[in-house]
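Undergrad: Listed below, chain by chain, are the residues.
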Amino acid sequence: MSALQYLSDGFLLALQWHNLLYAFIGVLIGTAVGVLPGIGPMSGVALLLPVTSSLTSGSSPEEAAASAIILLAGVYYGAMYGGSTTSILLNTPGESSSVVTTLDGYQMAKQGRAGSALSIAAIGSFFAGLVALIALVFLAQPLAEVALSFGPAEYFSLMVLGLCAVSGLGGKSMTKALIMTIFGLLLATIGIDSVSGVSRFTFDIPDLYQGLEFLTIAVGLFALGEVFKTIMEDNGGAQDIIRVGRVLPTRQDLKDSAAPIARGSVLGFFIGVLPGAGATLASFFSYIMEKKLSKHPERFGKGAIEGVAGPESANNGASGGAMVPLLTLGIPGSGTTAILMGALLMYNVQPGPLLFSDHPQVAWGLIASMFIGNVMLLLLNMPLVKVFAKIIDTPSQYLLPMIIAISVFGVYAVQVSTFDLILLLICGIAGYYLAKNDFPLAPLVLGLVLGPMIENNMRRALTTSNGDFMVFINKPISATFLVIAVLWLVIPMLLKMRGKKVIINEEG
Amino acid sequence: MNKTFDRYASVVFAAIGAFFVVSSRTIAESAYGSQVGPNLFPLILGIILILLSARLMFETRSYQQKEKEEAPHNLKRFLIMVFATLLYAFFLEDIGYIISTSIFLFVGFQVMGNKTWWKSALVAVLFTGAVYGLYVEILEGSLPGWPTWFGL
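Residue numbers (the working numbering), protein chains in the order written: chain H, 1 to 508; chain P, 1 to 152.
Just so you know, the hints here were simulated from the structure itself, not pulled from any lab data. Misleading hints may appear alongside valid ones.
[As the list claims (entries may be wrong)] Cut-off 30 Å, straight-line C-alpha distance, at most; resulting in silico cross-link-like pairs (DSSO-like, lysine-lysine):
#  : chain 1 : residue 1 : chain 2 : residue 2
1  : H       : Lys-291   : H       : Lys-475
2  : H       : Lys-255   : H       : Lys-172
3  : H       : Lys-390   : P       : Lys-119
4  : H       : Lys-295   : H       : Lys-255
5  : H       : Lys-229   : P       : Lys-3
6  : H       : Lys-292   : H       : Lys-110
7  : H       : Lys-496   : H       : Lys-110
8  : P       : Lys-76    : H       : Lys-436
9  : P       : Lys-119   : H       : Lys-436
10 : H       : Lys-291   : H       : Lys-110
11 : H       : Lys-292   : H       : Lys-436
12 : H       : Lys-255   : P       : Lys-3
13 : H       : Lys-302   : H       : Lys-292
14 : H       : Lys-172   : H       : Lys-386
15 : P       : Lys-119   : H       : Lys-172
16 : P       : Lys-76    : P       : Lys-119
17 : H       : Lys-436   : H       : Lys-475
18 : H       : Lys-229   : H       : Lys-475
19 : H       : Lys-390   : H       : Lys-302
20 : H       : Lys-496   : P       : Lys-3
21 : H       : Lys-386   : H       : Lys-302
22 : H       : Lys-229   : P       : Lys-115
23 : H       : Lys-390   : P       : Lys-115
24 : H       : Lys-496   : P       : Lys-76
25 : H       : Lys-496   : H       : Lys-255
26 : P       : Lys-115   : H       : Lys-386
27 : H       : Lys-475   : H       : Lys-172
28 : H       : Lys-386   : P       : Lys-119
[As the list claims (entries may be wrong)] Just the calculated beta-carbon pair ranges, DEER-fashion:
#  : chain 1 : residue 1 : chain 2 : residue 2 : range
29 : H       : Trp-17    : P       : Lys-3     : 41 to 47 Å
30 : H       : Val-490   : P       : Thr-26    : 47 to 53 Å
31 : P       : Thr-4     : H       : Leu-4     : 16 to 22 Å
32 : H       : Ser-417   : P       : Val-11    : 46 to 52 Å
33 : H       : Glu-233   : P       : Ala-54    : 54 to 60 Å
34 : P       : Thr-4     : H       : Val-483   : 49 to 55 Å
35 : P       : Val-11    : H       : Arg-498   : 27 to 33 Å
[To be verified] To spell it out: a stretch of chain P is covered by chain H in this simulated footprint if at least three of its residues, at any positions, have a beta carbon under 8 Å from a beta carbon of chain H; those stretches are:
#  : region
36 : 51-63
37 : 90-97
No residue lacks a Cβ here, since even glycine has one placed at the ideal position from N, Cα and C.
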């Protein structure tokens with residue numbers, strides 16, 4: 001069957017009424033989560049992870065996986081979009097990928113063009129989603145076929161490359177990012193070894209035999225961590241929200257932003273495909289590019305609509321692009337996609353090249369639902385922008401304890417163990433202190449998700465080579481991956497030594 | 001950058017690395033049919049973690065110690081919330097979801113600066129009831145609703 005045939009099957013799946021409902025709920029909650037101060041896309045997806053698993057518990061595993069991932073992906077896009085709403089109206093970016101949007105978006109809002117900025121952001125996101133969808137359809141299957149020819153050695157090196165890329169761009173200090181990556185990989189070794197059946201680092205505690213639960217750690221680190229941050233550092237100063245006037249953009253606005261949207265979408269997609277370089281970098285590069293290409297670069301920073309249209313398209317394009325390595329190679333390139341991958345693994349669906357042959361419904365259903373999610377975002381956001389802007393006012397004294405309660409409820413509903421609740425709290429506290437001191441959390445989650453796979457592939461490769469480590473270097477593809485991995489770490493280090501400022505990708 | 005925190009962190013991470021190195025030595029060194037045992041991966045990772053921690057410790061030497069520019073922190077509020085969450089997590093199974101969540105939310109709302117106690121209580125009870133009702137009645141999930149000794 002051709003890719004288009006699969007895609008139409010995917011649309012049939014995504015258009016089933018309950019999946020439409022899940023996509024709608026996902027986008028709605030995602031936008032709300034993105035608008036709310038203190039929870040970004042990562043914590044939003046983490047927070048809803050247990051909720052979706054209980055929502056979908058009635059259906060067959062494969063259907064449940066498709067529905068859950070449709071909902072979570074909706075949350076992801078919604079939160080990305082919601083983040084830009086606060087950037088424009090409040091000058092406070094909801095997440096790091098919309099930092100750039102504040103530069104011109106807030107200025108536009110001050111000039112009374114908040115509605116135009118918001119709707120251009122929605123249109124740009126929609127268009128970028130479309131571009132990402134088309135590119136995914138054409139790229140996914142061929143890439144998956146290439147990846148199928150990989151042996152364990154190639155896979156091991158590819159995953160090392162993925163981890164190095166994320167660590168290299170992962171935060172203010174590469175050392176800290178690497179520490180977090182290794183720590184995540186180590187945490188993944190706890191439990192009963194799947195190959196030999198030996199229990200490792202369990203101290204005979206029954207709760208540890210299955211290993212540390214990914215869900216608990218993700219919810220703890222991201223959702224609770226961010227709540228604790230707000231509790232500790234937010235002093236509840238009320239901010240002035242700019243009123244949204246006319247929502248539809250003018251003809252001139254559309255004309256001005258058409259080219260930036262197109263460029264941003266394509267640029268964003270390709271940056272998103274690269275592991276480690278996520279939405280934040282994409283929006284940053286797009287802004288720089290628009291400023292360079294513009295005939296009036298002096299208007300940037302004073303309310304140029306191009307400065308909103310480009311970056312907003314780019315960050316959405318990047319989140320679509322990030323799906324490529326996740327679905328075809330089984331390697332998440334960012335914290336959020338790592339959580340999505342954890343969700344798939346919870347349903348026994350292994351992302352990777354076999355996903356397209358083993359679970360075509362899940363893969364193509366997700367791709368189709370990306371499109372539907374984007375349509376919903378557009379339909380939802382144009383009329384509801386004013387409503388969402390009101391969510392910013394939610395009193396935090398109610399919101400924060402509720403988020404804690406939802407985290408506890410979610411983890412308990414899935415795990416049914418007090419041990420996991422205590423672990424959740426520990427992860428929340430650790431998440432707050434680590435993030436506060438520039439220890440990035442995304443690499444840890446990535447290590448935790450990839451740990452078992454990276455270890456199994458390493459052991460398989462070493463078993464076939466009788467314990468000879470040269471196997472990773474003797475195979476040309478594997479060696480290439482390892483060289484790129486090393487370069488990814490060394491080049492930024494060299495640049496830093498020469499005094500250049502290296503752009504980093506915070507969160508993602 | 002916080003010099004003190006990073007120093008402590010590097011010591012802690014080095015200790016974690018050392019722990020994994022030491023305890024992986026007690027794990028079997030080979031698996032059936034393979035020379036590569038379950039001990040190898042954690043052993044290598046542990047060593048890398050120790051090296052990275054050493055590097056972090058080295059890097060802290062060149063930090064410029066900033067002047068105190070700490071924003072006013074709500075340490076007390078934070079500690080109370082952490083403690084409340086701990087008690088909530090610990091007693092959830094014993095006293096059931098409904099009572100524990102209502103109490104936790106009420107305390108949380110008050111600690112976070114809600115002035116009127118009856119509003120906190122109302123929202124806490126409504127929220128708990130909504131979550132419980134939605135999950136148990138509509139989605140047919142199972143949660144320990146009331147303490148078992150209630151006999152409900």
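Undergrad: With reference to the structure, classify each hint as holding or not holding.
TA: Comparing the hints with the structure gives:
Between Lys-291 (chain H) and Lys-475 (chain H), the direct Cα distance comes to roughly 44 Å. Violation of the 30 Å bound is thereby established for this hinted pair. As the CA atoms of Lys-255 (chain H) and Lys-172 (chain H) are separated by approximately 38 Å, the hinted pair breaks the 30 Å bound. Our distance criterion of 30 Å between C-alpha atoms is met by Lys-390 (chain H) and Lys-119 (chain P), whose separation comes to about 21 Å. Restraint check for Lys-295 (chain H) and Lys-255 (chain H): satisfied, since their Cα atoms lie roughly 15 Å apart, inside the 30 Å limit.
Restraint check for Lys-229 (chain H) and Lys-3 (chain P): satisfied, since their Cα atoms lie roughly 20 Å apart, inside the 30 Å limit. Between Lys-292 (chain H) and Lys-110 (chain H) the alpha-carbon distance is near 24 Å, which keeps this suggested pair within the 30 Å criterion. The suggested pairing of Lys-496 (chain H) with Lys-110 (chain H) is violated, with an alpha-carbon distance near 38 Å, which exceeds 30 Å. The hinted pair formed by Lys-76 (chain P) and Lys-436 (chain H) meets the criterion: a straight-line CA distance of about 18 Å does not exceed 30 Å.
For a cut-off of 30 Å, the pair hint linking Lys-119 (chain P) to Lys-436 (chain H) is broken: about 33 Å separates their Cα positions. Restraint check: the Cα-Cα separation between Lys-291 (chain H) and Lys-110 (chain H) comes to about 21 Å, which is no more than 30 Å; the hinted pair holds. Taking the CA atoms of Lys-292 (chain H) and Lys-436 (chain H), the gap is about 34 Å. The hint is violated against a cut of 30 Å. For the proposed pair Lys-255 (chain H) and Lys-3 (chain P), the alpha carbon gap of about 51 Å is over 30 Å, so the pair is violated.
Among the hinted pairs, Lys-302 (chain H) with Lys-292 (chain H) is consistent with the structure: their alpha-carbon atoms are about 16 Å apart, no more than 30 Å. For the hint linking Lys-172 (chain H) to Lys-386 (chain H), the alpha-carbon distance of about 36 Å lies beyond 30 Å, and the restraint is violated. Proposed proximity of Lys-119 (chain P) and Lys-172 (chain H) is contradicted: the alpha carbons are some 43 Å apart, above 30 Å. With a C-alpha separation of about 23 Å, the suggested pairing of Lys-76 (chain P) with Lys-119 (chain P) holds against the 30 Å cut-off.
Restraint check for Lys-436 (chain H) and Lys-475 (chain H): the C-alpha separation of about 42 Å exceeds 30 Å, so the hint is violated. Pair hint Lys-229 (chain H) plus Lys-475 (chain H) does not hold up; C-alpha atoms about 47 Å apart against a cutoff of 30 Å. For the hint pairing Lys-390 (chain H) with Lys-302 (chain H), the CA-to-CA distance comes to about 25 Å; that is within 30 Å, so the pair holds. Restraint check for Lys-496 (chain H) and Lys-3 (chain P): satisfied, since their Cα atoms lie roughly 20 Å apart, inside the 30 Å limit.
Using a Cα cut-off of 30 Å, the hinted pair Lys-386 (chain H) and Lys-302 (chain H) holds, with the two alpha carbons roughly 23 Å apart. Of the supplied pair hints, the one linking Lys-229 (chain H) and Lys-115 (chain P) holds, its CA atoms being roughly 22 Å apart against a limit of 30 Å. At roughly 22 Å between alpha-carbon atoms, Lys-390 (chain H) and Lys-115 (chain P) fall within 30 Å of each other, so this suggested pair holds. Proposed proximity of Lys-496 (chain H) and Lys-76 (chain P) is contradicted: the alpha carbons are some 40 Å apart, above 30 Å.
This hinted pair does not check out: Lys-496 (chain H) and Lys-255 (chain H) have alpha carbons roughly 40 Å apart, beyond 30 Å. For the hint linking Lys-115 (chain P) to Lys-386 (chain H), the alpha-carbon distance of about 29 Å falls within 30 Å, and the restraint holds. Straight-line distance between C-alpha atoms of Lys-475 (chain H) and Lys-172 (chain H) comes to about 34 Å, which puts the hinted pair past the 30 Å bound. Straight-line distance between C-alpha atoms of Lys-386 (chain H) and Lys-119 (chain P) comes to about 27 Å, which keeps the hinted pair within the 30 Å bound.
Take Trp-17 (chain H) and Lys-3 (chain P): their Cβ atoms lie about 57 Å apart, and the range 41 to 47 Å is violated. Checked against the hint of 47 to 53 Å, the C-beta distance between Val-490 (chain H) and Thr-26 (chain P) comes to roughly 36 Å, which is inconsistent with it. Under the hint 16 to 22 Å, the C-beta atoms of Thr-4 (chain P) and Leu-4 (chain H), about 59 Å apart, miss the expected range. Take Ser-417 (chain H) and Val-11 (chain P): their Cβ atoms lie about 31 Å apart, and the range 46 to 52 Å is violated.
Checked against the hint of 54 to 60 Å, the C-beta distance between Glu-233 (chain H) and Ala-54 (chain P) comes to roughly 31 Å, which is inconsistent with it. Thr-4 (chain P) and Val-483 (chain H) have their C-beta atoms about 38 Å apart, which leaves the hinted 49 to 55 Å range violated. Between Val-11 (chain P) and Arg-498 (chain H) the C-beta distance comes to about 31 Å, which sits within the given range of 27 to 33 Å. Residues of the region 51-63 of chain P lying with their CB closer than 8 Å to a CB of chain H number 5, which satisfies the three-residue condition for coverage.
By the rule of at least three residues with a Cβ nearer than 8 Å to a Cβ of chain H, the coverage given for the region 90-97 of chain P holds, with 4 such residues.
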